[in-house]
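K.L.:
Here's the letter readout for the chains.
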Amino acid sequence: MEIVALQVLNSLFYAAVLFLIAAGLSLIFGVMGIVNMAHGSFYALGAYVTAWSVGAAAAALPPAALFVFLLLGAISAAVIGLAIEPTLIRPFYRRQEEYQLLVTFGLLLVLEDVIRLVWGGTPLTASGLVDSLGLVRIGGLPYPVYNLLMIGVGAVAALALWAFVYRTKFGVLLRATAQDRRMAAALGIDVGRIYVLAFGLGCFMAGLGGAIVVPSQAAVLGMGVEVLVIAFVVVVIGGLGSLEGALVGALIVSALRTITIQFWEEFELAALYLIAAIVLLIRPTGLFGRKA
Amino acid sequence: MNRRQAAAAAAVLVVLALVPAFAGTYQTQLLTYGLTLAIAALGFNLLLGYTGLLSFGHSAYFGAGAYGVALIMRYLGVSSMELFIVGGIICSAALAALFGVVCVRHTRIFFAILTLALSQVLWTLAYKFFWITGGTDGLRVPFSKLTLLGGLIDFPGADAFARFITFYYYYVLVVFCVCTALMWLIVHSPFGKTLQAIRDNETRARFLGVRIWRYRWLAFLVSGIFTGLAGTLWVPLNGLTTPDVLYWPQSGKIVFFAVLGGFRNFTGPIVGAVIFNYLEVYAIAVTEYWQITLGAILIVLVTFLPSGIVGTAQRLSAKLK
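For the record, the sequence lines run as chains A and U. Read in order, the letters of the first sequence are residues 272 to 563 in the working numbering. Read in order, the letters of the second sequence are residues 40 to 360 in the working numbering.
Where hints are given, some of them may not hold.
[What the hints assert, rightly or not] Far from chain U by the CB rule (all over 12 Å, computed), these chain A residues: (1) Val339; (2) Ala434; (3) Gly463; (4) Leu522; (5) Ala526; (6) Thr556.
[As the list claims (entries may be wrong)] Partner residues are not named here, just some residues of chain U that face chain A (Cβ under 7 Å, in silico): (7) Leu93; (8) Val140; (9) Ala156; (10) Val160; (11) Thr163; (12) Leu164; (13) Ile171; (14) Arg243; (15) Phe246; (16) Val298; (17) Gln330; (18) Leu333; (19) Ile338; (20) Leu344.
To be clear, the hints were calculated from the coordinates, so they are not data collected in a lab. Cβ coordinates follow ideal geometry from the N, Cα and C atoms, glycine included.
Whole structure, please, built from the sequences with the hints as guidance.
P.N.:
Below is the structure:
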């Protein structure tokens, strides 16, 4: 029974990370209509920045202060996103989807190598953050407090994003632009500003996802692409462009992953991809998707 | 094909046929790699250039051809290249037929994601079922066990490598020419014209009574078979197949071939594949960070030269006239 409880918590922790990434991907698609193939690289960037800065400051600062660096990882990803959207992505909104995919694919290749160039091939860890919070006993079995905290962070992020999109003026502008770009521009909304901020927000969330995952597992090369494909599965199940869909998709995918790892390890990833294919067959727009 | 195109094709063919006489073993080997990849690019471009579907999962068919050969060699003890080609075509055709049914129901981004997801299923299977596929070690297909032309030519002994490369180059060249001619006929046939009509305006094509899905599925099948054949030819040259050939960067490379050469041209993907192959080999030799180079080239290409090398060259030569 305790094992089930721990597995549920593990699954929730993973869902929190997946939600952050998939919601960013979905937000960018929902607002700008582009699928960002480089999205996973922003996640990796957040992870590397956090792991590197925690490692550099671990001796000088008390463990509690190191949690600031989670935010640093997310902010770095956002800053790079804010720089990239106006320069690289903007010329592609009017062009065919193939070109949008290709340019972000090029960006993916560049970012993956930039990470390798800056931090090298050795994995970086920030496990000090997990250790500093210690363990809690759940039905007699130890469990890291860090994971519990990050499940909370994921929940807060989901709520904050919902409030931001549905309860603020900026959210109204965002949704208006997503629905009809030309009409929004005609009504005086600065579409360019909305786009760059939405892209930055998406990258911030991906970076935050990477930052909160890195204390519990190391930052390694290729982590961005691995997560990208899983984030695709999440948004395909939930519906591309839908934030509710990203949440439900993240919960489904992480539960499925936990179950397959437990019982049928060889099929872990295959099961995920197959589920995505089946959902696309039965409900092409996903569980919460709008009609394209 | 008009007279000028025929003359150009004949000239290129003569040059290609003379390569082993002038170039060393290594250069011949490089070009052989380039030609096998060009076959994959030709197949891929039937979908992207002529049907308007961007597949991010063509590694699946390339890998099906490659693993088809390796498994046939390992479990059936076959050594004839002709049987390998038949086997590779059967494997990739079966896979493309199956995946095609699922994928062609969608277009645009969903098609791309679906092809990517399905190819990753194969990758994880090849990776995890190591007792069948050799896992990350892959499966070996040594050239010394290979026979060409129904057993007429074999390569025993340790010093047979140079001889193998020469014979194999001509073997691949012949298959490449057959494939190119076949693809030329396909895209200029009523079938090919129908695909282009679907690409340009799906709704109109539907009104004309074209069964969109069936045409897309057939294009998918043909595309998969060409790419599978490329994987089949590639394996003995490489001597080894690992899960890497099924992994997404392989699909990315195939996409790259077409974009580099120009996917709105018949010859674009061929040129792109051969040039990419040199680019990759020499970029890796010069720098460890070749992905950055590739990524930058890709961004520049799609931003400024969306018609690729061949398209741009055509435009420049038209201007000069």
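K.L.:
All hints, please: hold or fail.
P.N.:
Tested hints:
Even its closest Cβ contact with chain U, about 31 Å, leaves valine 339 (chain A) beyond 12 Å, as expected for a residue assigned away from the interface. A cut-off of 12 Å between C-beta atoms confirms that alanine 434 (chain A) is not in contact with chain U; the least separation is 29 Å. At roughly 18 Å from the closest C-beta of chain U, the C-beta of glycine 463 (chain A) stays outside 12 Å, upholding its exclusion from the interface. Interface exclusion of leucine 522 (chain A) from chain U stands, the closest Cβ pair being 19 Å apart, more than 12 Å.
Even its closest Cβ contact with chain U, about 19 Å, leaves alanine 526 (chain A) beyond 12 Å, as expected for a residue assigned away from the interface. With a least beta-carbon separation of about 9 Å from chain U, threonine 556 (chain A) fails to lie farther than 12 Å from that chain, contradicting its non-interface assignment. The interface hint given for leucine 93 (chain U) is met, as the beta carbon of that residue sits about 5 Å from the closest beta carbon of chain A, less than 7 Å. Residue-level restraint check for valine 140 (chain U) is violated (minimum Cβ-Cβ distance to chain A is 9 Å; threshold 7 Å).
Checking alanine 156 (chain U) against chain A by beta carbon gives a least distance of about 4 Å; that is within 7 Å, so the hint holds. Hint status for valine 160 (chain U) relative to chain A: holds, with the closest Cβ pair at about 4 Å, below 7 Å. With 7 Å as the threshold, the beta carbon of threonine 163 (chain U) comes within range of chain A, its nearest partner Cβ sitting at about 4 Å, so the hint holds. Look at leucine 164 (chain U): its Cβ gets to within about 6 Å of chain A, closer than 7 Å, so that hint holds up.
Of the supplied interface hints, the one on isoleucine 171 (chain U) is violated, with its beta-carbon coming no nearer than about 11 Å to a beta-carbon of chain A, more than 7 Å. Using the Cβ-Cβ criterion of 7 Å, the hint placing arginine 243 (chain U) at the interface with chain A is not satisfied: the shortest such distance is roughly 18 Å. Checking phenylalanine 246 (chain U) against chain A by beta carbon gives a least distance of about 21 Å; that is not within 7 Å, so the hint is violated. Checking valine 298 (chain U) against chain A: minimum C-beta separation of about 6 Å stays under 7 Å; hint holds.
Hint on glutamine 330 (chain U) holds. Least Cβ distance to chain A is approximately 4 Å, under the 7 Å limit. For leucine 333 (chain U), the shortest C-beta to C-beta distance to chain A is roughly 5 Å, which falls under 7 Å, so the interface hint holds. Residue-level restraint check for isoleucine 338 (chain U) holds (minimum Cβ-Cβ distance to chain A is 4 Å; threshold 7 Å). Using the Cβ-Cβ criterion of 7 Å, the hint placing leucine 344 (chain U) at the interface with chain A is not satisfied: the shortest such distance is roughly 12 Å.
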